[in-house]
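Student: Sequence:
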Amino acid sequence: YGDYVIYGSQWRGVTPLDGIKAAVGSSATINYAQGCERWSNDESGFEEAIAAANKSDVAVVVVGTWSRDQTELWENYNATTGEHVDLDNLNLVGAQAPLIRAILSTGKPTIVVLSSGKPITDVTWLANSTSALIQQFYPSEQGGNALADILFGDYNPSGKLSVSFPRSVGDLPIYYDYLNSARNIGDAGQAFANGTLDFGHQYVLGDPHAVYPFGYGKSYVEFEYSDVKVDKTNVTVADTVTVSLDVKNLGAVEGTEVVQVYVVDEIASVVVPNRLLKGFEKVVVPAGETVPVSVDIKVEDLGLWNVSMKYVVEKGAFGVLVGSSSLDIRGSAVFYVE
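If you use our numbering, the sequence shown closes out at 340, no skipped numbers anywhere.
These are calculated hints, taken from the structure and not from any lab test. Keep in mind the model is a prediction, meaning the values are calculated, not measured. Possibly wrong hints are sitting among the right ones.
[Said to hold, decoys possible] Calculated pairs, BS3-like style, for lysine-lysine (alpha carbon to alpha carbon, straight line, at most 25 angstroms):
(1) Lys-300 to Lys-231
(2) Lys-312 to Lys-284
(3) Lys-120 to Lys-284
[What the hints assert, rightly or not] Cβ-Cβ distance ranges computed for the label pairs, FRET-style:
(4) Pro-175 to Ser-133: 26 to 34 angstroms
(5) Asp-88 to Lys-231: 46 to 54 angstroms
(6) Thr-242 to Val-314: 12 to 20 angstroms
(7) Thr-198 to Asn-93: 52 to 60 angstroms
(8) Tyr-34 to Ser-107: 18 to 26 angstroms
(9) Leu-278 to Glu-224: 24 to 32 angstroms
(10) Asp-248 to Ser-107: 41 to 49 angstroms
(11) Phe-194 to Lys-220: 32 to 40 angstroms
(12) Thr-198 to Glu-268: 20 to 28 angstroms
We put the CB at the ideal spot given by N, CA and C, even for glycine.
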């Protein structure tokens, strides 16, 4: 459920297995096997898991991290995320990754669910190997029912990442609002078969870009953005700028999109982030329809701390980037502070 949950509360919740069973009822057969623990290298349960997959049309593999409850914390139970838990990598722990590969070897369509309190760097190969990848984070007590709703299409997913996912810990730190610099990010590095290393940006051997950036999240439908504009182009610190646009659902079912508005201080007296999230709006769009969306931005919230350590909103141009994530920008506009 999360870090520091009340002792015993985990027995009151809905597990992924419980949620799936409740969703299908008697209309389908669920073949379950534990496979492995979340912290152990023991692969003795693989044979049973493979047999269950071979008997099924689709395999759902739930893996991730585990946080201790308040009592377990002081009894030194194994845990792989949460307070007091420090690791030197962000990979799946123990036998979980080998379990996924074992299930994939059956040839069955495989959906992997990551239930974790942090980004998992296995997402790169998982996304390229599996039929679907779902990030559940801490699902809380009704997590099993929520997962079943997503899996069976009873709810169209609309979540967005509140953290960037790196390809490896060697790419850290990685975040969307990095400071502006005269130096380009550059290309990724590479390790050659003969052992030669070609380093990328800032000595990063891998790719400095996030595999899944801040604000990323997919839906069962596609959304089209259009007519992005601001209601005024010349403003004062006391003003509020309204960003408006239209969002169209290109799919055959209802969908929910989180429209994100980022602001860029084009010219500043000190170094500022390349962009900052300043507003968002979650909107439900019926199949095939278009809905208007508006997001208000207070100009007073666009300030910075200058060299005199005073909070000021400087005059000049501010760019508005509207998109489905911090990197998936669909439209832009600009206004000027006088």
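Student: Does each hint fit the structure? Answer for all of them.
Tutor: Outcome of the hint check:
1. A distance of roughly 16 angstroms separates the Cα atoms of Lys-300 and Lys-231; the hinted pair therefore holds under the 25 angstroms criterion.
2. Restraint check: the Cα-Cα separation between Lys-312 and Lys-284 comes to about 34 angstroms, which exceeds 25 angstroms; the hinted pair is violated.
3. Distance restraint check for Lys-120 and Lys-284: the Cα-Cα separation of roughly 24 angstroms lies within the 25 angstroms cut-off, and the hinted pair is therefore satisfied.
4. The hinted window of 26 to 34 angstroms between Pro-175 and Ser-133 holds, with their beta carbons roughly 32 angstroms apart.
5. Between Asp-88 and Lys-231 the Cβ separation comes to about 48 angstroms, which falls inside the hinted range of 46 to 54 angstroms.
6. In this structure the hint that Thr-242 and Val-314 lie 12 to 20 angstroms apart at CB holds, the actual value being about 18 angstroms.
7. Restraint check, Thr-198 to Asn-93: a C-beta distance of roughly 25 angstroms breaks the suggested window 52 to 60 angstroms.
8. For Tyr-34 and Ser-107, the hinted distance range of 18 to 26 angstroms is satisfied, since their beta carbons lie about 19 angstroms from each other.
9. The supplied range of 24 to 32 angstroms is met by Leu-278 and Glu-224, whose beta-carbon atoms lie about 27 angstroms from each other.
10. A hinted range of 41 to 49 angstroms for the beta carbons of Asp-248 and Ser-107 is consistent with their spacing of about 46 angstroms.
11. Taking 32 to 40 angstroms as the suggested C-beta distance range, the pair Phe-194 and Lys-220 conforms, at roughly 34 angstroms.
12. Taking 20 to 28 angstroms as the suggested C-beta distance range, the pair Thr-198 and Glu-268 does not conform, at roughly 41 angstroms.
In summary, the structure is inconsistent with hints 2, 7 and 12 from the numbered list given earlier, while agreeing with the others.
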